[in-house]
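Quick mapping for you: the protein sequence lines, in order, are chains A and B.
For the first sequence, position 186 matches number 186 in UniProt numbering, and the numbering has no gaps at all.
For the second sequence, position 276 matches number 276 in UniProt numbering, and the numbering has no gaps at all.
Accuracy of the hints is not assured; some may be wrong.
Because identical chains share one entry, a pair is satisfied inside a single copy or across any pair of copies.
With a straight-line Cα cutoff of 30 Å, these simulated DSS-like cross-link-like pairs (lysine-lysine) come out [said to hold, decoys possible]: (1) 290 with 134; (2) 290 with 110; (3) 267 with 110; (4) 267 with 134.
Since the hints were made in silico from the structure, they are not lab data.
One letter stands for each residue in the lines below.
There are 2 protein chains.
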Amino acid sequence: MNVRLPTIEQIRDAAARIAPYANVTPVLRHPALDAMIGAQLHFKCENLQRGGAFKFRGACNAVWSLSDEEAAHGVVTHSSGNHGNALAMAAATRGIPAHVVVPEGAVRAKLEAIEQAGAILHRCAPTTAAREAKAAEVQQATGATLVHPYANTQVMAGQGTVVLELLQQSQGLDAIITPIGGGGLSSGCSIAAHGIDGAIAMYGAEPAGADDAAQSLARGARIDAFVPNTVCDGLRTLIGEPNLTALREHRVEIITVTDEEAIAAMKLLWQSLKLVVEVSSATVLAAVLKQRQRFAGRRVGLVLTGGNVDIDALPW
Amino acid sequence: MNVRLPTIEQIRDAAARIAPYANVTPVLRHPALDAMIGAQLHFKCENLQRGGAFKFRGACNAVWSLSDEEAAHGVVTHSSGNHGNALAMAAATRGIPAHVVVPEGAVRAKLEAIEQAGAILHRCAPTTAAREAKAAEVQQATGATLVHPYANTQVMAGQGTVVLELLQQSQGLDAIITPIGGGGLSSGCSIAAHGIDGAIAMYGAEPAGADDAAQSLARGARIDAFVPNTVCDGLRTLIGEPNLTALREHRVEIITVTDEEAIAAMKLLWQSLKLVVEVSSATVLAAVLKQRQRFAGRRVGLVLTGGNVDIDALPW
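All chains, please: the whole structure from these sequences, using the hints.
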């Protein structure tokens, strides 16, 4: 599978394509946090995006990039998390079928949300092979288009619109940091940032227990035998091949944080910004806190990716 | 004490006065919540205001309404809650002293926040008489101006700017609902709303255990022998005299909700809007949920007043 990286033009097209459906999310500032950290922080609140996560942008762009003929057959993906839900919601905006392959044992609440958004669930064994086989089977039976969660040009382009918007809302940023899971967000955002201003330094925050992107960059090749172990459930995905290429081309520096650091930053975000954010999102603030000197005096954009939290089971 | 109600012009002046210091808070929409409730809900997010509550608007307007001569002597209030903190922050924007009278036994975390904001604390016994005596003593010793939390013209005017802003962001609202404690917010917002459009229906949400405004309106006179008992800590204040007058003049209808209803609505707000809001704020959604038929098909503004929550002690 040879997936092209999107261009800045494709990201601009994506922004126009998703505008009728996606929220323009606010950027929040917090003078007391700035003073505490010694940098100017601009929080891009994708937890306030439709569906509670940035994922809707990529899914929506993929759905609306299809021809009418393709669209009529629907879309399919394998994801029991935010992407599955986002694709279901995006398909609903176009009135086309969404098929979501989910592993046995996935969290019931998440599956219910995906079904409520109108998707058809297809269950399979909880292995990568079973997942891909089931998705291929659905594709063959229905003619649906596969929309991969991150190794997909239109998905990356849609997710890059986060930074297009951020740079309109907060001018003159020196640096931008996003969490890194599969790398769809980070690659789209890096291409968008450097399409506008080549001097913006790009960073990625990764949990120490899922630091495959850091390891892959250090080794010069993607590692794929790796079992992530972190409380950051949104970041347990291995970096995709095209995504890793984008990270390398755009000199994205990875900062790894421990689960404890991510949880402490999550709590700080809830208390100071008054936002419900996922622990995966909090890695970006944890990274800035950890490497305060590196960010001292700079204008930093932090992408808060989502807010889909089980509020009955908080990690503190 | 004969406190005048502010005019719409005074509210417009307040908006200009506080603009350099206060946040323009976002209005959030949530299509799924709208569908569930059968109304169009516009959430005005004052939990994202400086200091995490709408209180900053009133305090800031009061501080910047003083002459230089008055300002030099500072300001004083008695409040261990959001208003004390807001006044401390507002005084800091003008570089003048803030004195806050706090009862023995007030929550340590709140007092620390007020001190951190730069205020001078004055302790007294936890009675209304002791509080007022101590505030008078500070006034005499320092020449500071008393800024009452709600029975104060400039405070009401500042708090009314919430609705000026809301009606710019969401045009054509049919109804607006705010929580009711002392009534500063409700009176300021009613005057602002009807200064713009006399047809907007105004509502107040009150916890059943602190329904003194509802009782006072029913009886035609302010009740003052009443001990509030509710989990909504921001609403344990009795309605002020000028505030009650404003509620009557503007035909504000009160909807009372139980603590359980407020807590359920708080949880729903956290889960759907991804916002940290206080249980006091959630009374507005609880009221709309409770009287769904009354709001059916209408465009409703809901003021989410604050997000200062002890996230280690959530009420569910």
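Structure-based check of each hint:
Taking CA atoms no more than 30 Å apart as the test, residue 290 paired with residue 134 passes in neither setting, with 42 Å inside one copy and 45 Å between copies. Proximity of residue 290 and residue 110 under a CA criterion of 30 Å is satisfied inter-copy only: 28 Å between copies versus 32 Å inside one chain copy. Taking identical chains as interchangeable, the C-alpha atoms of residue 267 and residue 110 lie at most 30 Å apart whether they share a chain (23 Å) or sit on different chains (17 Å). In the homo-oligomer, the alpha carbons of residue 267 and residue 134 never lie at most 30 Å apart, since the shortest distance is 39 Å inside one protomer and 37 Å across protomers.
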